[in-house]
Amino acid sequence: MSSTSTIYDFSTLTGSIDAALHNWMSPGLVLTAELVLVGLIFLTFYALLGLFLVYLERKVCAVMQNRYGPNRVGPLGLLQTIADLIKLLMKELIPIRKADQFLFNLAPFIVIIASFMAIAATPFAKGLQAVDLNIGVFYVMAVSSLGVVGILLAGWSSNSKYSLIGAMRSGAQIVSYELSVGLSLLAIVVFSGTMQLSGIVESQADGWWIFKGHIPAFISFVIFLVASTAEINRGPFDLAEAESELTAGFHTEYSGIKFAFFFLAEYINMFIVAAIGATVFLGGWMPFHIGNWEAFNHVMDFIPSMVWFFLKTFFVVYLIMWFKWTFPRLRIDQLLTLEWKYLMPISLINIVVIAFIVLMGWHF
Amino acid sequence: MNVVMFYLLSAIILIFSLLSITTRKILRAAVYLLFVLVATSGFYFLLNYEFMAAVQLTLYAGGIVVLIIFSILLTSHISHKFKHPALLNLLMGAGVAVIGAGVALYIIFNEKFTANGQPELPVDMTAIGTQLLSTEKNGYVLPFELISVLLLAAIIAAIVIAKKGKQEEKES
Amino acid sequence: MDFGQFILMRHELLLILAAVIVLIAELAVSESSKARIIPFALGLFALVTIAGFIPGETGTLFGGSYQSNELTTMMKNVLNMGVLIIFLQSESWLKKPENVDKASEYFVLTLATLVGMNYMISAGDFLIFYVGLETATIPIAGLAAFDKLKSRSAEAGIKLILSSALSSGILLFGLSMIYGATGSIYFADVLKNVSATPLIIMGFIFFVAGMGFKISLVPFHFWTADVYEGAPIGVTSYLSVVSKGAAVFIFTIVLFTVFRPIMEQWQHLIYTLAVMTMTLANLFALRQDNLKRFLAFSSIAQAGFILLGILGANGMGMASVVYFVLVYVFTNLGAFGVVAAVSAASGVETISGYNGLYKTNPKLSLLMTLSLFSLAGIPPVAGFFGKFFLFTSAAGSGYFILVLIAVLNATISLYYYLRVVKAMFIDANEDPAPTFRSSNAMRLGLIMCLAGMFIIGFASTIFDYLRNISDVLFN
Chain A
1 MSSTSTIYDF STLTGSIDAA LHNWMSPGLV LTAELVLVGL IFLTFYALLG
51 LFLVYLERKV CAVMQNRYGP NRVGPLGLLQ TIADLIKLLM KELIPIRKAD
101 QFLFNLAPFI VIIASFMAIA ATPFAKGLQA VDLNIGVFYV MAVSSLGVVG
151 ILLAGWSSNS KYSLIGAMRS GAQIVSYELS VGLSLLAIVV FSGTMQLSGI
201 VESQADGWWI FKGHIPAFIS FVIFLVASTA EINRGPFDLA EAESELTAGF
251 HTEYSGIKFA FFFLAEYINM FIVAAIGATV FLGGWMPFHI GNWEAFNHVM
301 DFIPSMVWFF LKTFFVVYLI MWFKWTFPRL RIDQLLTLEW KYLMPISLIN
351 IVVIAFIVLM GWHF
Chain B
365 MNVVMFYLLS AIILIFSLLS ITTRKILRAA VYLLFVLVAT SGFYFLLNYE
415 FMAAVQLTLY AGGIVVLIIF SILLTSHISH KFKHPALLNL LMGAGVAVIG
465 AGVALYIIFN EKFTANGQPE LPVDMTAIGT QLLSTEKNGY VLPFELISVL
515 LLAAIIAAIV IAKKGKQEEK ES
Chain C
537 MDFGQFILMR HELLLILAAV IVLIAELAVS ESSKARIIPF ALGLFALVTI
587 AGFIPGETGT LFGGSYQSNE LTTMMKNVLN MGVLIIFLQS ESWLKKPENV
637 DKASEYFVLT LATLVGMNYM ISAGDFLIFY VGLETATIPI AGLAAFDKLK
687 SRSAEAGIKL ILSSALSSGI LLFGLSMIYG ATGSIYFADV LKNVSATPLI
737 IMGFIFFVAG MGFKISLVPF HFWTADVYEG APIGVTSYLS VVSKGAAVFI
787 FTIVLFTVFR PIMEQWQHLI YTLAVMTMTL ANLFALRQDN LKRFLAFSSI
837 AQAGFILLGI LGANGMGMAS VVYFVLVYVF TNLGAFGVVA AVSAASGVET
887 ISGYNGLYKT NPKLSLLMTL SLFSLAGIPP VAGFFGKFFL FTSAAGSGYF
937 ILVLIAVLNA TISLYYYLRV VKAMFIDANE DPAPTFRSSN AMRLGLIMCL
987 AGMFIIGFAS TIFDYLRNIS DVLFN
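Residue numbers (the working numbering), protein chains in the order written: chain A, 1 to 364; chain B, 365 to 536; chain C, 537 to 1011.
Derived by calculation from the structure, the hints in this document are not laboratory data. From a predicted model like this one, the values you see are computed outputs, not experimental measurements. Beta carbons: idealized from backbone N, C-alpha and C, even for Gly. Errors might be hidden in some of the hints.
What the hints assert, rightly or not - Ranges between beta-carbon positions, derived for each pair:
| hint | chain 1 | residue 1 | chain 2 | residue 2 | range |
| --- | --- | --- | --- | --- | --- |
| 1 | A | Gln65 | C | Ile560 | 47 to 57 Å |
| 2 | B | Phe508 | A | Ser11 | 35 to 45 Å |
| 3 | C | Phe542 | A | Leu43 | 55 to 65 Å |
| 4 | B | Tyr413 | A | Ser11 | 22 to 32 Å |
To be verified - Below, in silico cross-link-like pairs of lysine to any residue (SDA-like), each with a Cα-Cα straight-line distance of 20 Å or less:
| hint | chain 1 | residue 1 | chain 2 | residue 2 |
| --- | --- | --- | --- | --- |
| 5 | A | Lys161 | B | Leu437 |
| 6 | C | Lys631 | C | Gly579 |
| 7 | B | Lys476 | C | Ala732 |
| 8 | B | Lys476 | C | Ser712 |
| 9 | B | Lys501 | C | Leu663 |
| 10 | C | Lys631 | C | Ser731 |
| 11 | A | Lys161 | B | Thr439 |
| 12 | B | Lys389 | B | Phe434 |
| 13 | C | Lys684 | B | Ala522 |
| 14 | B | Lys389 | B | His444 |
| 15 | A | Lys161 | B | Ile442 |
| 16 | B | Lys476 | C | Ser720 |
| 17 | A | Lys161 | B | Leu438 |
| 18 | C | Lys632 | C | Arg688 |
| 19 | C | Lys686 | C | Ser628 |
| 20 | B | Lys527 | C | Val565 |
| 21 | C | Lys631 | C | Arg572 |
| 22 | B | Lys476 | C | Ser731 |
| 23 | B | Lys476 | C | Gly719 |
| 24 | C | Lys631 | B | Ile525 |
| 25 | A | Lys212 | A | Gly199 |
| 26 | B | Lys501 | C | Gly719 |
Stated by the list, open to error - Covered by chain B, according to a simulated footprint, are these stretches of chain A (three or more residues, beta-carbon under 8 Å):
| hint | region |
| --- | --- |
| 27 | 96-110 |
| 28 | 129-135 |
| 29 | 305-317 |
Whenever a hint applies, use it, and build me the whole structure from the sequences.
Laid out in structure tokens, this is it:
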């Protein structure tokens, strides 16, 4: 594709760093150094992203409810979340007697490690991706299913009925909605013929799948949005922490920084889900291209790929937040009915339709 | 580096396998089992067999362990602890384990494994998918379909166990 | 591949079709008339059984994963007949108000396990073999726990699933070693590469241990008695006859074909297992009072006798094993049928409860006596010929001491089989089980058993036919 060649490829940057490091030290050390480097970058990214997402959520919520939101600390209230973070860090860690201390402390880490593993496969820009596995989509599905273990452990080891009920709910919810998420992603895998995330992005060089894939692709996008909102336990599917009945659900007993971990993981998961959705359905870092309009496509290429990625991702994030602040919470039976009686069958039929479309070559 | 990772993963697997059978709290055993399974998927990553690694993660770590933990959550209380096994049982079990491991290790180390002569298959999704649905030799469509019979029957068996008869419904 | 070749899998496909039809029929039947499913399913399965006898093509499919020949077809027909009799015998039990809701599930589960057994018998690689084995085992746990209101039934389900999980694990571990040593899971390729190296021997021992659980050979038999006692009688007879028969079939086939190169080694192993199984099971059977437990140990002992035929390791051995299982199906189902009928009518399941049964139910007592004679191997009925051919096959390969031990064991077994006969005919009882008339289906099932015991014993063509088709394994 000639038009994509003008997009800056980050692999030249990472390649030169790699080469520079190799001049300095032995290959074993280079690998270690690079591991540390990538880890540090992601940690920083996590912290900043978490802060920003919380701020964004409060602002979006305020817009929905026709108020200002945070506006005192810093310009436009931008420093509000930093203040919140400092407050959280200073708080006392309340030890729970009769809790299973080991599992209690382990649970937040499992949740956050699962999100770390998932973000490793996210393509942020052309050539900027920590690992580009040839089974990318499947890998993301696999590691994101680990997070639920942390939630279940948190609920059980707290030795509190609210936590336990919250964890059970969230477990049932995540396990069931995982299917729909997987199936809706599979729809695009059928279209693009690859599971590699970078490959899926490349396949959208002449138009994003949500446009190219006719109505079925749009249906999968909607299913993906609904199901992934449920999978990250956000409203209107936030039964796991339904504050009006369960205090705070599975993290009722957590305080201070351990609570912050759950909080952070929840927001990061939202980001990951949005990033995957943007990558698979909306072209990821691929600029907005239309078929063979060379000139138009070329103009679009001048906007850096990273900007495209974050624009789309935050668009999806905004959609998810919009959900939360407009829809009332579902009951657990409604929630399971929605998945097993509607989303699942629809996605299955959808996949068959898509396979048919692809076989007949009807897509663009 | 790969060698280091190999020993690291092996150590994780060994230690947590032992922990998972010696711990007296049932949920901890499940969590140690989770670590073992995740570390096993690390082996597949080391072998560049990402598909198998992801399968290991989804099926075992994300599926089976979650099911186990779920059933523990439903049935057991946090204060429950297993009793210490009787000393005699412990000794006999350890003896059998040591002898068994010894024999197995002796045999495996003395075996001259011959590499399979077949060409190494490219590990990409298309090849795996085609192979899964192939009806030729080394194709897996028959076991694949047979498993669907097995799963259907297993679901029905679960229903049989859980189903309430009419009489019970009236009583409750 | 040509999909017309699927006709080779006609047994399996017909069974799957029947299971699906029963499932759909369950939807169509109204809540109040669930009992109508029972005769429908019975008729359907009778058709499937008859269709199985239609001669047809044989061959291999899926690049050798699936193989059928006249022998496997015959084995599948034997199993089908056994299941048909069991269905007939469980009809009145299924009609009970607490079971009628789950009648269709009973049929579907049984058919599904039968599909698994058929694939297991026809397996051409270890993967199909293993998946078939699992399909043949796991759903039975649901059947064993069928009587929800009895805690013993639930216990049987749990014990079955735990022991089968353990044995499958052991089996799979052994198979993985064999795969590691030979580099293939296909029977044909494994056969080429198998030799008596320590790794393969170890894998083979694990394999035998795993199969030993399924066939319930001593020392892998601990689950048997408890499960047989706790499970509903229909399921117990299924476990002891069909399930065990299928496992014996594939065990024999794998030993004779895949592991033929290490025959010398496995003969030692099977020899030991045979002696242990016959002797210990007989000693245990001596002191049982519950008839289901009694029949459990008797069936373990019978499995020990079957090993004699396996030791023959030639066409004669194969034929004698299939013939014995065929006889065993009718014989053991006869005994179980009587137990089921008496239990359904009066709830009696102990030997002492059978005291004076002859006075009230002479026909049932007579059938029970014949079945027990056949199990013990007393001449007029088929069981004698079954044992005779097994002993001939073992003696033909030079195992005279083993045959002597087996004959001694058969004599011991005569004692405990006759104990039941004595209870029925001689022991006085002031309060014997009342006279009753079984349902028509039950009577049909029992008559089939009776007919089978005599026809198979006297029609020598059956054994000749089996002898002819058994050589197919040895080309």
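Here is what the structure says about each hint:
| no. | hint | verdict |
| --- | --- | --- |
| 1 | Gln65/A <-> Ile560/C: 47 to 57 Å | holds (52 Å) |
| 2 | Phe508/B <-> Ser11/A: 35 to 45 Å | holds (38 Å) |
| 3 | Phe542/C <-> Leu43/A: 55 to 65 Å | holds (57 Å) |
| 4 | Tyr413/B <-> Ser11/A: 22 to 32 Å | holds (24 Å) |
| 5 | Lys161/A <-> Leu437/B | holds (11 Å) |
| 6 | Lys631/C <-> Gly579/C | holds (16 Å) |
| 7 | Lys476/B <-> Ala732/C | holds (13 Å) |
| 8 | Lys476/B <-> Ser712/C | holds (16 Å) |
| 9 | Lys501/B <-> Leu663/C | holds (12 Å) |
| 10 | Lys631/C <-> Ser731/C | violated (54 Å) |
| 11 | Lys161/A <-> Thr439/B | holds (14 Å) |
| 12 | Lys389/B <-> Phe434/B | holds (15 Å) |
| 13 | Lys684/C <-> Ala522/B | holds (12 Å) |
| 14 | Lys389/B <-> His444/B | holds (7 Å) |
| 15 | Lys161/A <-> Ile442/B | holds (11 Å) |
| 16 | Lys476/B <-> Ser720/C | holds (16 Å) |
| 17 | Lys161/A <-> Leu438/B | holds (12 Å) |
| 18 | Lys632/C <-> Arg688/C | holds (19 Å) |
| 19 | Lys686/C <-> Ser628/C | holds (18 Å) |
| 20 | Lys527/B <-> Val565/C | holds (18 Å) |
| 21 | Lys631/C <-> Arg572/C | holds (9 Å) |
| 22 | Lys476/B <-> Ser731/C | holds (13 Å) |
| 23 | Lys476/B <-> Gly719/C | holds (13 Å) |
| 24 | Lys631/C <-> Ile525/B | holds (18 Å) |
| 25 | Lys212/A <-> Gly199/A | holds (16 Å) |
| 26 | Lys501/B <-> Gly719/C | holds (14 Å) |
| 27 | 96-110 | holds (count 6) |
| 28 | 129-135 | holds (count 3) |
| 29 | 305-317 | violated (count 0) |
When the structure is compared with the earlier hints, violations turn up for hints 10 and 29 and for no others.
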